[in-house]
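Using the sequences and the hints, build the whole thing.
From first to last, the protein sequence lines stand for chains A and B. If you want the numbering used here, it's the 1-based position in the first sequence plus 536. If you want the numbering used here, it's the 1-based position in the second sequence plus 536.
Hints in this document: simulated from the structure, not taken from any laboratory. What you were told as hints is all true, and nothing was included just to trick you.
One copy or two, either will do: identical chains are not told apart, so a pair holds if it fits within one copy or between any two.
Quick list of in silico lysine to any residue cross-link-like pairs, SDA-like style, CA-CA up to 25 Å:
(1) Lys713 - Val562
(2) Lys846 - Trp902
(3) Lys578 - Val858
(4) Lys578 - Asn826
(5) Lys578 - Asn809
(6) Lys846 - Thr814
(7) Lys709 - Ile743
(8) Lys617 - Val857
(9) Lys846 - Gln591
(10) Lys846 - Met861
(11) Lys713 - Glu645
(12) Lys846 - Arg603
(13) Lys578 - Ala813
(14) Lys642 - Pro688
(15) Lys617 - Glu838
(16) Lys846 - Val608
(17) Lys846 - Gly613
(18) Lys846 - Arg610
Just so it is clear, the structure is predicted and the values come from calculations on it, not from any experiment.
There are 2 protein chains.
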Amino acid sequence: MFRYELLHKDANCEARRGTFETTRGVVLLPTFMPVGTRGSVKGVEVGLLEATGSQIVLGNTYHLMLRPGEDVVRDLGGLHKFCGWRGPMLTDSGGFQLFSLAQLTKITEEGSVFRSHIDGRRIELTPERSVAIQEALGSDIAMVFDHVIKLPNERRNVEDAMERTLRWAARCKKAHKRTEDQAQFGIIQGGLEYDLRRRCAEELAAIGFDGYAIGGLSVGEPPREMYDCIEATNVSVPQDKPRYLMGVGRPEDLLEGIARGIDMFDCVMPSRNGRNATAFTDYGVMHMRNARYERDDRPLEENCPCPACKRSRAYIRHLFVVEEMLGPILLTIHNITYYQRLMAGARAAIEQDRFLEYRAEKFAGWRAGVPE
Amino acid sequence: MFRYELLHKDANCEARRGTFETTRGVVLLPTFMPVGTRGSVKGVEVGLLEATGSQIVLGNTYHLMLRPGEDVVRDLGGLHKFCGWRGPMLTDSGGFQLFSLAQLTKITEEGSVFRSHIDGRRIELTPERSVAIQEALGSDIAMVFDHVIKLPNERRNVEDAMERTLRWAARCKKAHKRTEDQAQFGIIQGGLEYDLRRRCAEELAAIGFDGYAIGGLSVGEPPREMYDCIEATNVSVPQDKPRYLMGVGRPEDLLEGIARGIDMFDCVMPSRNGRNATAFTDYGVMHMRNARYERDDRPLEENCPCPACKRSRAYIRHLFVVEEMLGPILLTIHNITYYQRLMAGARAAIEQDRFLEYRAEKFAGWRAGVPE
Chain A
537 MFRYELLHKD
547 ANCEARRGTF
557 ETTRGVVLLP
567 TFMPVGTRGS
577 VKGVEVGLLE
587 ATGSQIVLGN
597 TYHLMLRPGE
607 DVVRDLGGLH
617 KFCGWRGPML
627 TDSGGFQLFS
637 LAQLTKITEE
647 GSVFRSHIDG
657 RRIELTPERS
667 VAIQEALGSD
677 IAMVFDHVIK
687 LPNERRNVED
697 AMERTLRWAA
707 RCKKAHKRTE
717 DQAQFGIIQG
727 GLEYDLRRRC
737 AEELAAIGFD
747 GYAIGGLSVG
757 EPPREMYDCI
767 EATNVSVPQD
777 KPRYLMGVGR
787 PEDLLEGIAR
797 GIDMFDCVMP
807 SRNGRNATAF
817 TDYGVMHMRN
827 ARYERDDRPL
837 EENCPCPACK
847 RSRAYIRHLF
857 VVEEMLGPIL
867 LTIHNITYYQ
877 RLMAGARAAI
887 EQDRFLEYRA
897 EKFAGWRAGV
907 PE
Chain B
537 MFRYELLHKD
547 ANCEARRGTF
557 ETTRGVVLLP
567 TFMPVGTRGS
577 VKGVEVGLLE
587 ATGSQIVLGN
597 TYHLMLRPGE
607 DVVRDLGGLH
617 KFCGWRGPML
627 TDSGGFQLFS
637 LAQLTKITEE
647 GSVFRSHIDG
657 RRIELTPERS
667 VAIQEALGSD
677 IAMVFDHVIK
687 LPNERRNVED
697 AMERTLRWAA
707 RCKKAHKRTE
717 DQAQFGIIQG
727 GLEYDLRRRC
737 AEELAAIGFD
747 GYAIGGLSVG
757 EPPREMYDCI
767 EATNVSVPQD
777 KPRYLMGVGR
787 PEDLLEGIAR
797 GIDMFDCVMP
807 SRNGRNATAF
817 TDYGVMHMRN
827 ARYERDDRPL
837 EENCPCPACK
847 RSRAYIRHLF
857 VVEEMLGPIL
867 LTIHNITYYQ
877 RLMAGARAAI
887 EQDRFLEYRA
897 EKFAGWRAGV
907 PE
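Dropping the structure here:
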């Protein structure tokens with residue numbers, strides 16, 4: 537089944553070194569999950585994705601239910617067989633995409649009705665249906681169906697959405713049949729209202745899930761407010777389960793989250809920004825269309841083992857200038873590798889009670905920028 | 537230096553099993569060269585390209601002189617180091633791109649003046665300059681600068697262009713300094729006029745090159761006319777050097793070329809058609825957007841070792857339907873792998889004097905189409 541193990545807590549902050557055991561292998565925590573929305577991390581062949589050091593990949597219920605349809609994926613043997621990723625996979629519940637992508641979403645107590653952003657087709661998504669879809673996809677970790685709202689928002693609306701999220705979470709738990717090989721995580725909502733977040737966390741814990749996620753953040757609020765909210769929330773999140781901060785974020789956000797006790801992250805940033813010629817490095821971000829790299833024969837980073845760093849900055853720049861697909865491909869791979877190196881470094885630092893020093897070193901490097 | 541060795545000639549046709557030795561390794565002939573126009577085979581990371589079984593890759597002088605410029609490539613250590621391909625590379629001379637891509641090309645005896653298709657910049661390309669650019673790029677095989685014209689065309693124009701190609705070839709030979717580590721191939725022109733082709737071949741042989749290419753074909757003439765022209769031309773091409781049919785072609789064209797004594801091919805077809813959802817297989821072409829593959833859990837081909845064939849047809853179709861980059865990437869890799877498997881099979885068949893049977897088997901499979 538599923539087992540979280542806390543191996544070591546950093547002596548100087550809330551950072552935790554742990555593991556989460558699934559039927560498809562053990563995930564070392566903290567970890568970053570690259571996003572494979574429609575059964576593919578954009579542009580990355582699965583063997584190259586494995587080589588980035590990624591342990592667990594995210595797939596999107598909303599996108600996959602529309603195309604190819606969860607029944608197609610199920611009939612073909614499930615999401616792992618479909619896309620070839622052999623390690624654990626997590627699927628979100630569709631809640632966030634209804635908020636961010638779907639048109640004309642109508643939320644009732646029963647669930648939601650929306651129009652597909654692809655063809656306008658009318659579709660219903662309820663807690664029970666989200667659970668069933670994720671069971672058909674066969675992910676290792678399924679998320680409960682939650683009600684995400686815009687921030688900032690009136691406290692009354694935030695509270696309503698949080699309470700609905702709780703009622704939906706209970707229905708998801710009840711609907712969940714595939715408990716032997718699929719973990720189910722609750723999602724904590726409550727906007728930036730600390731008391732609502734804590735109440736949500738406590739009531740979810742009372743229902744009982746295999747892990748707990750903080751949802752509805754990184755939707756435009758200042759980073760500091762997000763960090764404070766994570767800190768205030770985590771007080772009430774069970775210690776003996778993994779904690780997942782959804783949809784976050786920049787490298788600095790990951791380190792700030794880890795310092796506050798977060799174990800898992802996902803974000804499109806390394807892949808999306810990679811497609812737009814931005815490289816994440818220990819020097820901060822590098823904009824690879826920049827003319828300064830025209831004849832720069834150094835790799836993006838000397839010690840990075842990724843295939844992009846077997847080439848020169850000049851080559852990467854050339855690929856973007858001439859609009860070769862290989863530019864986005866290589867930078868996506870580099871960026872995911874960078875995120876995984878950052879996580880591996882964080883895990884090692886926590887074990888030595890020096891996570892805060894590690895964070896300070898990384899921030900100093902990012903501030904210093906790219907050397908001449 | 538450079539050495540062609542004829543290992544075996546098929547007893548029943550002109551097909552030749554040979555090798556061509558370069559400073560970067562031995563190329564088994566016949567061979568197919570994937571096209572890496574601007575320093576990248578579109579969408580294919582170089583490790584995955586190696587795994588296709590490709591031995592030698594083509595780069596384009598015209599494209600690389602414009603961006604990033606041959607001086608940049610030279611200063612960065614040459615084309616191999618720039619793009620990471622460790623085996624031999626061949627560069628064309630730019631002659632064909634002036635014909636197909638550049639605007640306002642003016643051809644004089646001295647060379648050509650054209651406007652870049654990118655920014656309209658006025659650029660001169662002469663035989664001497666084409667040689668110098670290819671030396672700066674550092675390819676293992678350089679092509680002479682030739683005069684390509686549209687077909688069909690008046691015999692007078694075909695003859696003029698052929699004779700200019702001969703004079704330019706002599707200038708290229710004279711200008712070529714990097715003879716120790718760069719082979720130079722002549723290009724036979726002459727349209728569909730057999731006598732002009734043969735005269736061109738003989739006069740090029742008198743100048744003396746490390747290999748001989750047939751250029752200016754596959755520009756719209758019926759395949760049968762192309763095959764006949766190859767056959768008529770090869771009578772006059774030296775037996776003791778590799779023979780390269782430029783820009784060709786479909787799998788059937790490769791087999792027809794081999795049967796007539798061709799050793800080397802290049803074409804954008806496997807990559808370009810792969811990007812457009814067309815797979816080359818022993819069943820003929822498969823159009824992977826087709827709904828018939830929606831739930832087809834079989835690989836494109838059972839015995840293909842490529843990463844696309846570790847997935848299902850349904851997955852490949854899904855990637856194209858949702859417009860994921862991975863679709864074009866995987867089909868490009870499959871198609872190049874297919875071409876290389878076809879060449880490996882041809883080499884084995886020639887050694888056993890059964891190339892004509894091999895060709896017949898392949899044609900029968902392509903005609904039969906994809907089984908239900």
